[in-house]
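2 protein chains.
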Amino acid sequence: MQPRLSLITLGVADLARARAFYEALGFKAGRASNDNVTFFPAGGVVLALFGRGALAEDATVADTPTGSAGTARGFAGIALAHNARSEADVDAALAEAVAAGGKLIKPAGKTFWGGYAGYFADPDGHLWEVAHNPYFTLDDGGRVVLDM
Amino acid sequence: MQPRLSLITLGVADLARARAFYEALGFKAGRASNDNVTFFPAGGVVLALFGRGALAEDATVADTPTGSAGTARGFAGIALAHNARSEADVDAALAEAVAAGGKLIKPAGKTFWGGYAGYFADPDGHLWEVAHNPYFTLDDGGRVVLDM
Chain A
15 MQPRLSLITL GVADLARARA FYEALGFKAG RASNDNVTFF PAGGVVLALF GRGALAEDAT
75 VADTPTGSAG TARGFAGIAL AHNARSEADV DAALAEAVAA GGKLIKPAGK TFWGGYAGYF
135 ADPDGHLWEV AHNPYFTLDD GGRVVLDM
Chain B
15 MQPRLSLITL GVADLARARA FYEALGFKAG RASNDNVTFF PAGGVVLALF GRGALAEDAT
75 VADTPTGSAG TARGFAGIAL AHNARSEADV DAALAEAVAA GGKLIKPAGK TFWGGYAGYF
135 ADPDGHLWEV AHNPYFTLDD GGRVVLDM
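These protein sequences, in sequence, are chains A and B.
Numbering (the working numbering) for the first sequence: 15 to 162.
Numbering (the working numbering) for the second sequence: 15 to 162.
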């Protein structure tokens with residue numbers, strides 16, 4: 015796995031409110047954004063906003079303050095993401111994470127948005143999605159480049 | 015405020031264990047790392063590991079699953095960070111965040127590590143540190159460049 019944090023998703027209660035807050039701070043949403051998700055280029059990483067419940071559901075964890083699957087302290091409302099160049103790279107990265115002591119939270123598979131992704135948790139329960147998104151461009155260094 | 019996520023800190027229970035996990039995935043720690051904190055360049059953003067209790071203490075929030083200061087759902091064990099070029103830029107960014115509807119969690123002030131920083135929470139309680147770290151180099155685009 016290339017050592018790269020591509021994207022971080024913040025779970026939010028009200029997407030319009032959250033988007034307006036970050037826009038007031040100067041963030042500008044990429045064209046991939048829609049009524050369900052916002053993607054902001056954030057200087058080398060993408061900051062995404064997504065419904066908190068939808069994020070928990072996508073990761074197959076319970077949106078509870080304690081004791082949800084794979085997390086010692088409950089769902090943090092945040093997921094880190096590593097974007098890979100291919101489905102095979104997703105499989106390889108998830109296998110590596112598990113071999114290193116991570117916990118497989120959601121096996122890789124086709125996603126509703128047309129990609130391929132799975133989730134693992136690090137030893138402290140921090141959630142990582144490993145994803146191949148065929149609609150995102152990755153630059154030579156592997157960074158997600160959003161169309162603006 | 016420049017729309018930039020500079021660094022993300024994961025609160026961890028055992029720094030050595032967490033560092034070993036990320037090193038097994040291919041992350042390499044920068045020279046600023048020590049027995050209390052690890053900094054990994056992560057492709058345009060810095061991934062930091064820090065004691066979970068120490069992180070909560072630094073942000074002046076309670077490390078409880080629910081009801082801690084400024085967060086609707088308790089401490090997530092994660093803090094985002096925006097690194098600014100000067101103390102004045104820290105003050106300006108915090109003021110902007112509050113004007114936009116964020117909550118001031120910790121007013122800016124000198125830090126134990128020789129910098130200047132404060133914290134705000136976004137409308138969903140996600141914690142942001144705004145910091146000037148005189149020991150970090152920022153490139154032309156404002157990204158933190160770690161000495162390796």
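Hints may be right or wrong, so weigh each one.
As the list claims (entries may be wrong) - Which residues of chain A face chain B? A few of them, derived with a C-beta cut under 8 Å, are: (1) ARG18; (2) LEU24; (3) LYS42; (4) GLY44; (5) PHE64; (6) GLY65; (7) ALA106; (8) GLU110; (9) ALA111; (10) PRO137.
If you're looking for bench data, these hints aren't it; they were derived computationally from the structure.
Glycine is no exception: its CB is placed at the ideal position from the N, C-alpha and C atoms.
Exercise for the section: Could you work out which earlier hints the structure fails to respect and list their numbers in ascending sequence? Expected result: 4, 5, 6, 7
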